[in-house]
Amino acid sequence: MRRTRIAGAMAGIALAALALTACNSGSPTSPGTGGDGGGETGGDEALWEVATDVSLEGSPTFDTMTERGSVIVGVKNDQPGLGFEDATTGERTGFDVDIARWIAASLGFDEDQIEYQTIPSANREQAIVNGDIDYYVGTYSITDARKEQIDFAGPYFITGQGLLVAADNEDINGPDDLAGKIVCSVTGSTPLQRIRDEYSPGDTVEYDTYSQCVEQLKAGAVDAITTDEAILAGYVALEPDALKIAGEPFSEERYGVGLAKGDTALKDHINGLFTDGNDVWSALFEQHLAPAGIEGEQPEVDQ
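Take the sequence shown: its letter number 38 is residue 1424 in the working numbering, and every next letter is one higher.
Hints were generated in silico from the structure; no laboratory data involved. Take the hints with a grain of salt, since some may be wrong.
[To be verified] Subject to a maximum C-alpha distance of 25 Å in a straight line, what follows is the list of computed DMTMM-like cross-link-like pairs (lysine to aspartate or glutamate):
1. K1567 with E1592
2. K1533 with D1449
3. K1567 with D1554
4. K1567 with E1584
5. K1604 with D1554
6. K1630 with E1672
7. K1630 with E1601
8. K1533 with D1583
9. K1647 with D1662
10. K1567 with D1627
11. K1647 with E1686
12. K1630 with D1589
13. K1604 with E1625
14. K1533 with D1654
15. K1630 with E1592
16. K1604 with E1556
17. K1647 with D1537
18. K1533 with E1592
19. K1533 with E1638
20. K1567 with E1534
21. K1630 with E1556
22. K1567 with E1556
23. K1647 with E1672
24. K1533 with E1443
25. K1630 with D1563
26. K1630 with E1584
27. K1604 with E1672
28. K1567 with E1625
29. K1647 with D1518
30. K1567 with E1634
31. K1567 with E1638
32. K1630 with D1557
33. K1630 with D1472
34. K1630 with E1681
35. K1533 with D1688
36. K1647 with D1530
37. K1647 with D1449
38. K1647 with D1627
39. K1647 with E1534
Take the sequences, apply the hints, and build the full model.
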């Protein structure tokens, strides 16, 4: 794993001592909210601090953020451990959400300067192209088709497509067992297209969110859900007596940060952050994903 420091990309960023404990359930405290429990994301010692005097010459997205005085980030809200929004409190937690916070801090923005927008999978590229959001962090697989419209920083995580079934299901142990079965996924997702193109399910149904698929699975209306195993593991962790993952991953999904096409300065900045911030990445992974039984290591970014 490379640990090359990229000059300028990490200007003003101080990586603080790690202080995550096994009992923490919220996100690490954002810099500027304090480490005494006064911040809205919990009382942990900060993993990062807000950068000062950041300059990204040639980045129209950064210029827009600076003029606005805030960051607008596209995220998911129904993926436990990755991107989740508490329906009662509105608190956002998860690996992807904290990756988004980390990027914002590296650009000089504090927690109270971040606006989160929940955007369905099918609408992500258009939201970036339209300038509705500054960047997107939400189990966003890097694909050649998507790169025709937008750019990606990363990857910052690699997982694989899997299947979620009822805990008492003994018929489905992998994608080759889907003949005659009804499979659910979300509109516009890579897993949905792959299951249709490469395997032979009896039928597929699609919704805007995976949580809707989970409800259909629990009601017996569908036989399986397909998406990235990292997403599925979060649902199993919530309801281990009702749900399980069937078989092994059968693809490679490389998660990236979606950006406006041609914004090379912002892309290079975020890639520099991932390259230099190995300790932060590891702490976030251990906090959010490892408890669900997910395994992985920080990948090298694309050049």
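field: Violated constraints from the hint list, given by number and in increasing order
entry: Result: hints 20, 23, 27, 38 break, sorted rising.
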